[in-house]
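Same order as they appear, the protein sequences are chains A and B.
For what it's worth, the working numbering labels the leading residue of the first sequence as 1, then goes sequentially.
For what it's worth, the working numbering labels the leading residue of the second sequence as 1, then goes sequentially.
Calculated directly from the structure, the hints in this document are not laboratory data.
It is possible that part of the hints are untrue.
As the list claims (entries may be wrong) - Covered stretches of chain B, as calculated for chain A (at least 3 residues, CB under 8 Å):
{"id": "1", "region": "44-54"}
{"id": "2", "region": "73-84"}
{"id": "3", "region": "100-110"}
Here a beta-carbon is modelled for each residue, glycine too, at the ideal position from N, C-alpha and C.
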Amino acid sequence: ETGVTQSPTHLIKTRGQQVTLRCSSQSGHNTVSWYQQALGQGPQFIFQYYREEENGRGNFPPRFSGLQFPNYSSELNVNALELDDSALYLCASSHPTGQGALDTQYFGPGTRLTVL
Amino acid sequence: LAKTTQPISMDSYEGQEVNITCSHNNIATNDYITWYQQFPSQGPRFIIQGYKTKVTNEVASLFIPADRKSSTLSLPRVSLSDTAVYYCLVGDKPGGYNKLIFGAGTRLAVHP
């Protein structure tokens, strides 16, 4: 069983550019969530995809968008990059249990994005 | 979603028991309490989750008093490899989706 993988590991972009980050979910997981983690802070929820549809969104502008594919892998796209977008971007996969408890999320190692 | 408050940092020594307390005064009836651990340059990792009383697994124990307004993560006999940031999270699954709200966490430093 493979864990959550993300690519690329590191990325450097300039202001105004666009970036696409990729995530492969853990085997058997149909839900993917994306988080942004600035240096020294906790991860902030961006959005979640369940069976290829956006299932919830945090307080991020529309230039943050995503996709989930039939194999449950996912992409995070960020347009018109700003300096404040520099952060570690984390992907987490989970499988809904339908119970009241929060589903355990399995995080990937993240993509470190630097915007110059 | 209930807000959580936990110490910014803690120090301990190898072999000691570490207790990290989290305050969540506005916890809702359906909320669960979950703890994650994060090492530098890695994604967070699930440690333990509970609703009330005490939960124990192979790595930690979670103590939740009857009023559920706080919780304590207990790490028995820590080692240097337990140096990490520990996050307390409170929430449920509104509309069926599983959003985790992280605070700043507690930075635990274990010394030899």
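Now for the hints, and whether the structure bears them out:
Chain A is given as covering the region 44-54 of chain B, and this holds because 5 residues of the stretch bring a CB closer than 8 Å to a CB of that chain, at least three being needed. For the region 73-84 of chain B, the stated coverage by chain A is not satisfied: 0 residues place a CB nearer than 8 Å to a CB of that chain, which falls below the threshold of 3. For the region 100-110 of chain B, the stated coverage by chain A holds: 6 residues have a C-beta nearer than 8 Å to a C-beta of that chain, and at least 3 were required.
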